[in-house]
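Enquirer: Residue strings, one per chain:
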Amino acid sequence: MTRSGVVGWALAAPALAVILVFFAVPVVIGLALSLTDFDLYALADLSTLRFVGLDNYARLLHTPLFWQAFGNTLYFVAVGVPVSIGLSLGAALLLHARVAKWQALFRTALFAPVVTTVVAVAVIWRYLLHTRYGLINQALGTLGIDPVDWLGNPHWSMPAIILFAAWKNFGYNMVILLAALQAVPRELYESARVDGAGSLRQFSDLTFPMLTPTLAMVGIMTLAGYFQLFAEPYVMTQGGPLRSTVSVLYFMYEEGFRWWNLGYASAVAFVLFLVIFAVSAALWRFDRDPAAGR
Amino acid sequence: MRPSRPAFGGRRHALGTLAAGTALLTIGACGRRDDAHAPLDFWAMGREAEVVAELLPEFHARHPDVRVRVQQLPWTAAHEKLLTAYAGGSLPDLCQLGNTWLPELVALDALEPLDAPVASAGIPRDDYFAGILDTNVMPTRSGDRLFGLPWYVDTRVLFYRSDLLRAAGHPQPPRRWDEWLDAMRAVRQRGGGGRYGVLLPLNEPDPLFALALQQGPVLADDNARGAFAQPAFRRALAFYAGIFEQGLAPAMTNTQIANVWDEFARGLFACYISGPWNIGEFRRRLPPERQGDWATAPLPGPDGPGVSTAGGSSLVIFRRSARKEAAWRWIAYLSEPQTMQRFHALTGNLPPRRSAWRSPELASDAPSQAFAQQLERVRAAPKIPEWERIFQEMQLAAERVVQRVQGLDAATVELDARVDALLEKRRWLRARAIASAGPR
Chain F
1 MTRSGVVGWA LAAPALAVIL VFFAVPVVIG LALSLTDFDL YALADLSTLR FVGLDNYARL
61 LHTPLFWQAF GNTLYFVAVG VPVSIGLSLG AALLLHARVA KWQALFRTAL FAPVVTTVVA
121 VAVIWRYLLH TRYGLINQAL GTLGIDPVDW LGNPHWSMPA IILFAAWKNF GYNMVILLAA
181 LQAVPRELYE SARVDGAGSL RQFSDLTFPM LTPTLAMVGI MTLAGYFQLF AEPYVMTQGG
241 PLRSTVSVLY FMYEEGFRWW NLGYASAVAF VLFLVIFAVS AALWRFDRDP AAGR
Chain W
1 MRPSRPAFGG RRHALGTLAA GTALLTIGAC GRRDDAHAPL DFWAMGREAE VVAELLPEFH
61 ARHPDVRVRV QQLPWTAAHE KLLTAYAGGS LPDLCQLGNT WLPELVALDA LEPLDAPVAS
121 AGIPRDDYFA GILDTNVMPT RSGDRLFGLP WYVDTRVLFY RSDLLRAAGH PQPPRRWDEW
181 LDAMRAVRQR GGGGRYGVLL PLNEPDPLFA LALQQGPVLA DDNARGAFAQ PAFRRALAFY
241 AGIFEQGLAP AMTNTQIANV WDEFARGLFA CYISGPWNIG EFRRRLPPER QGDWATAPLP
301 GPDGPGVSTA GGSSLVIFRR SARKEAAWRW IAYLSEPQTM QRFHALTGNL PPRRSAWRSP
361 ELASDAPSQA FAQQLERVRA APKIPEWERI FQEMQLAAER VVQRVQGLDA ATVELDARVD
421 ALLEKRRWLR ARAIASAGPR
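Chains as they are written, first to last, in my numbering: chain F, 1 to 294; chain W, 1 to 440.
Honestly, the hints are just simulated from the structure, not real lab data.
One or more of the hints may lead you astray.
[To be verified] Short derived list, chain W residues pointing at chain F, Cβ under 10 Å:
# : residue
1 : Thr-84
2 : Asp-109
3 : Glu-112
4 : Asp-115
5 : Lys-383
6 : Glu-386
7 : Glu-388
8 : Ile-434
We put the beta carbon where it would ideally sit given N, CA and C, even for glycine.
Work the whole structure out from these sequences, hints included.
Expert: As structure tokens, then:
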């Protein structure tokens with residue numbers, strides 16, 4: 001190896017060591033754990049640990065609650081990601097508009113939910129969503145809509161969680177999209193106006209294409225994040241009512257830390273990893289193809 | 001870490017010193033932790049944790065050399081916290097423990113047996129309600145051992161609207177299942193569509209489990225297999241599901257009932273199976289004009305007053321504690337009948353010792369007296385770590401029967417299959433123990 005190669009490795013070594021110790025090793029241990037029946041008895045006496053091969057995975061695929069959790073998670077992702085990114089894009093466009101006043105103030109205000117603690121905010125949202133005394137139902141009441149049992153009715157619990165998550169997270173993507181909007185050269189808009197494009201046309205043929213790479217990145221990040229839905233149901237519904245807000249991660253948490261089936265819970269974690277990996281990879285490909293054509 | 005010789009100059013030397021310093025600090029921290037004069041760490045949960053501090057001054061006055069530090073855990077996170085603390089070696093000296101959690105911590109060998117201190121302190125075991133004390137007795141290789149001392153008790157009795165039952169021709173609370181059914185039918189007939197005989201929330205397993213305990217064991221083969229498809233549990237489930245089938249109970253979960261007390265006051269249902277905390281809640285939350293219209297009674301059984309569940313919290317000492325003697329003094333203090341009476345006054349929690357029930361407040365309190373009678377007839381749940389989960393599975397099966405997703409036969413057979421799968425490791429452990437012939 002050349003001298004510079006040695007120096008390079010030496011300089012990278014601390015970071016690599018950290019990655020190895022805090023990422024690679026736990027992942028390998030987790031994978032190994034998912035092939036065993038590590039449980040309460042094994043915690044007490046390691047000699048009771050059994051190697052079970054892929055049994056945990058096979059059992060998982062035959063567990064109705066896992067599929068329900070998977071369905072709930074897909075629901076959350078399929079509705080939550082578009083809603084969340086739509087909100088972010090809308091807010092970013094509004095902030096970017098020339099007529100917008102007090103931009104800095106609004107930018108901060110809209111970003112504020114991102115930096116709040118999810119647990120504290122969830123408690124407040126539980127008040128907002130309260131069936132009888134909540135502000136949301138009172139607002140609906142003035143429109144003549146009957147009160148909705150947001151967190152008690154299995155049909156409304158997930159929409160309530162989506163609403164909360166979208167509100168909590170849209171500010172982050174908004175800032176990224178705002179930066180991307182500001183990076184679009186003004187001259188392009190000028191020439192578009194000269195060519196007679198209205199504001200709608202400017203958005204569809206100029207702004208949106210220029211934002212596509214950023215949107216794809218934001219989409220993948222949000223998707224991966226939303227697949228790991230946990231804190232919201234944990235704080236707001238504890239997975240209920242009728243298990244309608246049990247996500248895959250919540251299912252894993254219950255198996256792992258409520259029932260202490262760590263082997264089984266590790267298998268859940270790996271399945272979730274594979275799902276996120278597959279969906280993200282598909283999105284990348286989707287993003288790259290049009291890019292290749294440009 | 002082996003101390004390294006400072007061969008390569010300053011920086012390495014400094015690192016070595018740093019490492020040694022850290023090691024010393026760690027040892028120092030350990031030393032402080034094991035020091036007999038350090039505060040005693042006591043984990044308590046929920047309301048008890050808030051209130052127990054009021055009992056501290058007297059204890060500290062009596063034992064100036066012991067300091068108790070109370071740490072609060074929320075009930076919802078307590079179980080995870082305990083197991084993680086076990087895995088991480090950071091358990092406190094002693095703790096309040098829901099008595100259904102005892103089997104898990106005994107399986108982990110985390111608890112200190114209390115037989116000897118109880119005997120030498122002269123605490124009469126037969127002063128405790130037998131069924132409650134029994135939940136703290138676990139089989140070990142060297143025989144049965146007592147791993148916790150009950151702190152307060154919990155069981156399920158019948159809360160009922162005495163005015164509604166009387167108007168329906170039942171001035172006395174029902175004592176047998178058939179009387180109870182009659183009373184509920186009469187209430188329903190008189191009340192029309194808006195009234196039910198009883199509220200049995202579909203997500204609460206305790207009422208069904210109490211009925212099942214009255215019929216016989218739910219596990220077989222030394223708690224290694226389910227016995228839910230056996231006649232005993234089937235009778236209980238048939239009775240339970242029949243209540244819904246006859247329209248005597250609404251098929252609802254307790255999240256669908258916005259406020260149990262409001263509905264009870266309004267007369268949506270005439271009976272409710274619940275625990276001691278609801279004595280206080282009923283007094284607080286029912287309107288004043290309804291206060292004369294409710295009462296409690298022991299749970300009806302198939303033929304005469306039946307058994308109910310044996311719940312509550314115990315006080316346990318962890319094996320790894322270095323201050324077991326001081327921890328025991330705190331438990332002994334909390335277990336004195338006078339302390340229990342004060343604790344009842346503070347929290348409304350019912351004491352586990354019969355002598356503590358002689359206080360005028362408890363002896364003259366009618367709603368509590370039903371509990372006193374019931375506590376003489378309580379039975380422990382199966383003492384295995386898997387129980388909590390089986391308990392939940394049982395209720396899910398019952399919910400399917402009540403919602404008519406499944407018939408009683410199919411549901412109980414499937415429940416047994418699930419339970420057998422959950423207990424597979426238990427059977428394997430037993431087979432292994434037999435194969436290795438006795439203790440390791």
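Enquirer: Look at each hint and say if it fits the structure.
Expert: Each hint, compared with the structure:
1. Thr-84: Hint on Thr-84(W): holds, closest Cβ of chain F at ~7 Å, below 10 Å.
2. Asp-109: holds (6 Å)
3. Glu-112: violated (15 Å)
4. Asp-115: violated (21 Å)
5. Lys-383: Interface hint status for Lys-383(W): violated (14 Å vs cutoff 10 Å).
6. Glu-386: Nearest chain F Cβ about 8 Å off; hint holds.
7. Glu-388: holds (8 Å)
8. Ile-434: violated (14 Å)
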